[in-house]
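Engineer: The lines below spell out each chain.
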Amino acid sequence: MARKVKTKWGIEGQVKEVEVSIPDADVDPWGMDADLKVVGKRHRRVGGDLVVTGRAKYTFDINLPGMLWGKILRSPYAHAEISSIDLSKAKAMAGVKAVVARIRKGEHVHYAGQDVAAVAAESEEIAAEAARAIEVEYKRLPHCVTCEDSMKDDAPTVVEGDKNVTGGRRPGREEDVEGALKESAATIEATYSTPVQTHSPLESHGVVVRWDSDTSMTCWASTQGTDAVRGQLAQAFKLKRANVRVITDFMGGGFGAKLSPGPFGLVAAEMARETGKPVKIMLDREEEHLATGNRPSSIQKVRAGILADGTLNAWSNEAHGTPGVGGFFGVPSPYIYKFKAVNVKSRSVRTNAGSSCAMRAPGHPEASFATELAVDELCAKAGLDPLEVRRKNDKHAVRQREYEIGAEKIGWKHRPKTGSQTGRVRRGMGLASSRWGTNHVPGSEVQVVAYNDGSLELQSCVQDIGTGTKTVLALIAAEEFGVKPSDIKITIGDTNFPIGPMSGGSVTASSMGPAVRLACAAVKKEVFEQAAGELGAKPEELVCADGRVVVAADPTKSMTWKKAIGLLGGERLTRTGKRFEDYKGFNDEVGGVQFAEVEVDTETGEIRPLKIVAVHDCGRIVNRPGAESQVIGGVIMGLSYGLFEERRMDRQLGMMVNPDFLWYKIAGPMDMPEIEPVLLEMANGKNNVGMYSLGEPPCIPTAGALACAVLNAIGKPVRSLPMTPDRVLEALES
Amino acid sequence: MKPFELVQATSAEEAVKATTEVRDAKLKAAGVDLLDEMKAFVTSPGRVVNLLKIKEMRGIVASKAGTEIGALTTLAEVASHADIAGGYAALAEAAREVATPEVRNMATVGGNLCQRPRCWYYRLPVYTCLKKGGNTCYAIEGDNKYHAVFETGKCPIAHPSNLAPALMVFDARLHIAGSAEEIAVADFFSMKDIKRENVLAHGDVIKKVVLPVTKMTSAYRETREKQSFDWALTSAAVGLELDGKTCKKARVVLGAVAPVPLRRPEVEKLLEGKEVTAALAEEAGAKAAEGATPLSMNKYKVKLIKAVVRRAIVAAAGLKGD
Chain G
1 MARKVKTKWG IEGQVKEVEV SIPDADVDPW GMDADLKVVG KRHRRVGGDL
51 VVTGRAKYTF DINLPGMLWG KILRSPYAHA EISSIDLSKA KAMAGVKAVV
101 ARIRKGEHVH YAGQDVAAVA AESEEIAAEA ARAIEVEYKR LPHCVTCEDS
151 MKDDAPTVVE GDKNVTGGRR PGREEDVEGA LKESAATIEA TYSTPVQTHS
201 PLESHGVVVR WDSDTSMTCW ASTQGTDAVR GQLAQAFKLK RANVRVITDF
251 MGGGFGAKLS PGPFGLVAAE MARETGKPVK IMLDREEEHL ATGNRPSSIQ
301 KVRAGILADG TLNAWSNEAH GTPGVGGFFG VPSPYIYKFK AVNVKSRSVR
351 TNAGSSCAMR APGHPEASFA TELAVDELCA KAGLDPLEVR RKNDKHAVRQ
401 REYEIGAEKI GWKHRPKTGS QTGRVRRGMG LASSRWGTNH VPGSEVQVVA
451 YNDGSLELQS CVQDIGTGTK TVLALIAAEE FGVKPSDIKI TIGDTNFPIG
501 PMSGGSVTAS SMGPAVRLAC AAVKKEVFEQ AAGELGAKPE ELVCADGRVV
551 VAADPTKSMT WKKAIGLLGG ERLTRTGKRF EDYKGFNDEV GGVQFAEVEV
601 DTETGEIRPL KIVAVHDCGR IVNRPGAESQ VIGGVIMGLS YGLFEERRMD
651 RQLGMMVNPD FLWYKIAGPM DMPEIEPVLL EMANGKNNVG MYSLGEPPCI
701 PTAGALACAV LNAIGKPVRS LPMTPDRVLE ALES
Chain D
1 MKPFELVQAT SAEEAVKATT EVRDAKLKAA GVDLLDEMKA FVTSPGRVVN
51 LLKIKEMRGI VASKAGTEIG ALTTLAEVAS HADIAGGYAA LAEAAREVAT
101 PEVRNMATVG GNLCQRPRCW YYRLPVYTCL KKGGNTCYAI EGDNKYHAVF
151 ETGKCPIAHP SNLAPALMVF DARLHIAGSA EEIAVADFFS MKDIKRENVL
201 AHGDVIKKVV LPVTKMTSAY RETREKQSFD WALTSAAVGL ELDGKTCKKA
251 RVVLGAVAPV PLRRPEVEKL LEGKEVTAAL AEEAGAKAAE GATPLSMNKY
301 KVKLIKAVVR RAIVAAAGLK GD
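Protein chains in written order, with this note's numbering: chain G, 1 to 734; chain D, 1 to 322.
Keep in mind that the hints were calculated from the coordinates and are not lab data.
Do not rely on the hints blindly, as some may be mistaken.
[As the list claims (entries may be wrong)] Computed Cβ-Cβ distance ranges for the label pairs, DEER-style:
{"#": "1", "chain 1": "G", "residue 1": "Gln400", "chain 2": "D", "residue 2": "Thr136", "range": "56 to 66 Å"}
{"#": "2", "chain 1": "D", "residue 1": "Thr293", "chain 2": "G", "residue 2": "Val52", "range": "50 to 60 Å"}
{"#": "3", "chain 1": "G", "residue 1": "Arg651", "chain 2": "D", "residue 2": "Thr293", "range": "15 to 25 Å"}
{"#": "4", "chain 1": "D", "residue 1": "Thr293", "chain 2": "G", "residue 2": "Glu681", "range": "51 to 61 Å"}
{"#": "5", "chain 1": "G", "residue 1": "Thr215", "chain 2": "D", "residue 2": "Ser296", "range": "57 to 67 Å"}
{"#": "6", "chain 1": "G", "residue 1": "Ala92", "chain 2": "D", "residue 2": "Ser179", "range": "36 to 46 Å"}
{"#": "7", "chain 1": "D", "residue 1": "Leu319", "chain 2": "G", "residue 2": "Lys57", "range": "52 to 62 Å"}
{"#": "8", "chain 1": "G", "residue 1": "Leu202", "chain 2": "D", "residue 2": "Val42", "range": "23 to 33 Å"}
{"#": "9", "chain 1": "D", "residue 1": "Val61", "chain 2": "G", "residue 2": "Glu125", "range": "37 to 47 Å"}
{"#": "10", "chain 1": "G", "residue 1": "Glu125", "chain 2": "D", "residue 2": "Leu319", "range": "53 to 63 Å"}
{"#": "11", "chain 1": "G", "residue 1": "Pro156", "chain 2": "D", "residue 2": "Lys299", "range": "28 to 38 Å"}
[Stated by the list, open to error] With a Cα cut of at most 25 Å, we get these calculated DMTMM-like pairs of lysine to aspartate or glutamate:
{"#": "12", "chain 1": "D", "residue 1": "Lys39", "chain 2": "G", "residue 2": "Asp115"}
{"#": "13", "chain 1": "D", "residue 1": "Lys299", "chain 2": "G", "residue 2": "Asp601"}
{"#": "14", "chain 1": "D", "residue 1": "Lys299", "chain 2": "D", "residue 2": "Glu272"}
{"#": "15", "chain 1": "D", "residue 1": "Lys132", "chain 2": "G", "residue 2": "Glu408"}
{"#": "16", "chain 1": "D", "residue 1": "Lys299", "chain 2": "G", "residue 2": "Glu270"}
Remember, it's a predicted structure, so these values are computed and weren't measured experimentally.
For each residue, glycine too, the CB sits at the ideal point set by N, CA and C.
Produce the complete structure using the sequences and hints provided.
Structural biologist: See below:
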């Protein structure tokens with residue numbers, strides 16, 4: 001059943017009162033003008049003290065009595081048939097407790113890094129030695145590790161039974177694009193390319209698995225989805241879900257590659273069962289690069305046109321990219337801006353390299369880079385201002401405001417004319433945009449436990465992957481109960497508790513926040529019913545403030561929360577809140593805009609990012625430093641993608657030649673510009689808190705904004721990521 | 001890595017003995033490079049002889065005869081030592097650019113000179129390359145973005161030492177325990193034996209580096225992709241003995257562009273006897289890049305040579321701008 005309530009939504013300065021329809025059982029939404037004491041302010045991270053003093057226990061830190069270390073033997077070849085596999089030498093080594101093959105004679109390995117066998121031993125060192133003692137004979141088969149090789153007519157098959165190249169549907173009509181190109185004032189034809197980007201979480205993938213009986217297990221996992229890991233472990237070992245417990249207390253980062261137990265998790269569980277001892281497997285950095293998923297590459301052959309008035313008129317993109325041996329390639333192209341005639345063809349090219357998987361905003365950074373730089377090339381040719389062209393071809397209300405804010409903060413009016421500089425070091429500015437859905441997972445649950453001594457606890461299986469979920473939950477509960485955030489104990493990342501969402505798609509905070517309010521409201525309702533009589537008021541006249549239950553209209557009438565909860569009798573009261581669907585709200589698309597200023601040394605090809613202004617919207621901000629930190633982290637990741645990161649494959653033996661942090665380059669502190677996160681003040685009216693996604697969007701536009709700034713500085717586009725000195729120098733010579 | 005025996009040497013001579021009596025022994029200073037190689041199974045010594053406890057191989061001593069740097073002196077000490085920064089600026093600057101503060105606090109002068117190539121084919125065990133006793137260089141046909149652009153015919157590693165070009169500028173000499181007593185740094189680096197990058201015999205220990213007194217002003221410049229923790233794409237150490245503005249003597253040595261640090265006598269000749277100006281520095285940069293034979297993916301390095309040489313000359317001569 002639904003009821004109507006009035007709320008205020010909109011962007012600061014353009015707020016209006018509207019009537020929204022909400023579920024009967026929901027609490028009244030916090031509108032733009034909600035008087036909040038805790039939410040939206042600056043707070044310390046819950047558990048931050050434990051992290052910075054090294055006391056937080058990550059999966060890596062879990063060491064159990066009698067625990068064994070697991071190690072995986074991986075294929076050194078990109079494509080090979082297993083001629084023989086002999087485990088006997090490894091099995092005979094002192095300290096080795098289990099050796100299992102992961103592949104049989106006659107089967108094929110399809111990339112260098114694929115798991116072949118695994119061992120469990122008394123120490124990590126013995127396990128590594130034993131893995132090397134496994135004797136495998138490979139019969140090498142021809143491989144393709146680049147799109148170019150895989151797309152050749154006579155290319156060897158990458159994965160038996162699979163076509164090398166799939167896709168290619170063209171929904172639009174190329175004739176329409178041809179016509180639109182002809183009527184355009186300026187056109188471009190150019191190829192944009194982006195590299196395979198690997199996941200580089202600080203904490204690598206890993207698990208510790210302990211069988212508690214023949215039919216039950218506990219798994220500590222560095223995962224983005226405790227419940228997903230539980231489900232997959234239960235399925236793999238034919239266990240009841242009830243008998244599998246997954247725990248993720250502190251987690252060292254995940255960008256889409258930690259959504260399952262992984263092959264390493266399954267083999268750890270297998271070896272733990274075989275030995276009767278807990279088994280720990282943490283992957284090393286090389287394994288991270290080779291075998292845990294990545295962002296596909298892209299090669300986007302673009303033809304585009306713009307009218308003299310700045311209308312984006314034509315867009316054709318013939319794109320392909322490699323997701324390796326698994327997954328798919330695709331780009332949401334053109335990105336953000338509306339072109340009148342569009343035709344996009346996309347093909348996915350299999351190669352003998354580690355499989356792709358979800359990676360922070362899949363497809364978006366790739367699509368953004370090509371679209372943004374192409375738009376700026378059109379602007380440069382037509383003599384148009386890139387900011388005005390974006391404003392004209394993007395009607396999104398949130399981004400329209402963000403264009404204004406960002407332009408002001410970067411000083412857009414000082415942007416030089418493209419190609420006008422002649423000095424050795426040249427400066428430039430560029431901008432790019434992002435979009436994301438208002439994603440959330442209805443049904444996400446959290447429970448509040450109110451103890452009779454007055455203490456409060458929140459419990460859910462939802463995990464905090466480093467984004468500050470614990471803090472978000474604590475602040476909303478603190479607001480509801482009128483206590484300090486530190487007064488709320490947060491116990492999450494444990495499948496013994498109610499179901500939370502998997503942290504993928506930027507859903508975690510916005511799925512959990514509204515559920516917290518509902519759980520708190522359910523507890524308060526029962527407490528207020530008991531307290532009302534004593535306070536001489538009706539339950540609906542009571543509020544929580546400063547650790548007390550207070551009559552709103554007469555604050556002299558109050559009692560402590562501890563006394564109030566005591567009136568219920570019993571030791572504790574547990575109530576669950578469950579996330580409703582979003583309401584039909586003000587805005588269905590999260591918007592972001594980033595402005596970059598760079599300096600390019602034309603003698604060395606070095607790009608120095610000077611400043612990035614990142615204007616993003618996440619609906620209601622719950623913890624301001626946490627939200628800002630999300631934006632800054634996204635910018636850092638996007639910058640690293642734009643300037644440094646690239647998986648490099650050797651065609652001779654089919655290996656990744658840079659599976660480390662020396663040659664797979666990720667941005668470091670000295671590479672950082674000034675990053676100014678700006679969170680748009682707005683209310684979206686879509687749920688009782690008014691929050692939505694922020695995790696993925698900030699990493700999307702950074703590379704595109706940097707590329708546009710480089711074009712502005714040197715007058716030449718650098719059309720390949722990463723924009724390393726060799727590519728900048730090549731562009732300068734073109 | 002494989003299990004190994006650890007020997008704690010208390011003198012250079014003891015280290016030589018402990019290393020030479022076993023065929024698969026390796027010397028270890030800070031271990032920054034050796035442990036990486038051992039973890040990757042590129043090398044698996046049965047014995048590791050630790051030099052770090054040899055106190056007399058640490059520290060910097062300046063005298064009228066020159067400056068002596070113990071081989072175990074850290075790069076951080078070299079970078080911040082007043083006598084080095086004052087008299088041998090290129091060396092201090094080269095040390096300052098290495099890796100990260102953490103690495104510089106551990107890594108030693110001797111280790112920097114003896115570190116193995118960073119060629120990824122050398123570092124990945126599956127590639128049995130020339131340096132590992134194989135009969136193919138994978139870099140020539142493969143991914144050679146970061147490889148050499150001079151002397152590229154056989155094994156085009158880019159020599160990774162930052163300090164080496166600077167030490168060559170100053171005609172530094174190495175004092176050795178083992179098969180020789182002393183060797184000029186210019187004669188030290190060699191790929192005559194393709195499996196090695198210097199002339200040390202098995203077990204030889206560099207005890208110290210001796211810098212003669214110099215009248216040169218000097219500078220070191222490098223370019224790289226990242227500003228945090230990255231290897232030089234190209235580097236140049238330049239020393240100039242100036243009489244007023246006129247160059248009496250010049251030394252120009254390139255790093256990261258050849259299998260060994262590469263002295264460029266043609267550039268030195270060009271500079272000597274002339275007034276050092278921005279234009280001459282530019283000309284010298286172009287000269288330094290002449291004769292390069294880049295591989296399929298590293299032509300850009302030739303342009304970078306021009307930049308680093310020009311900049312190092314400008315800085316060494318104290319000209320305005322950079």
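Engineer: Please go over all the hints and tell whether each is borne out by the structure.
Structural biologist: Verification of the hints:
no.	hint	verdict
1	G:Gln400 to D:Thr136: 56 to 66 Å	holds, 59 Å
2	D:Thr293 to G:Val52: 50 to 60 Å	holds, 52 Å
3	G:Arg651 to D:Thr293: 15 to 25 Å	holds, 22 Å
4	D:Thr293 to G:Glu681: 51 to 61 Å	holds, 60 Å
5	G:Thr215 to D:Ser296: 57 to 67 Å	holds, 59 Å
6	G:Ala92 to D:Ser179: 36 to 46 Å	holds, 42 Å
7	D:Leu319 to G:Lys57: 52 to 62 Å	holds, 57 Å
8	G:Leu202 to D:Val42: 23 to 33 Å	holds, 26 Å
9	D:Val61 to G:Glu125: 37 to 47 Å	holds, 41 Å
10	G:Glu125 to D:Leu319: 53 to 63 Å	holds, 56 Å
11	G:Pro156 to D:Lys299: 28 to 38 Å	holds, 31 Å
12	D:Lys39 to G:Asp115	holds, 19 Å
13	D:Lys299 to G:Asp601	holds, 18 Å
14	D:Lys299 to D:Glu272	violated, 29 Å
15	D:Lys132 to G:Glu408	violated, 58 Å
16	D:Lys299 to G:Glu270	violated, 51 Å
When the structure is compared with the earlier hints, violations turn up for hints 14, 15 and 16 and for no others.
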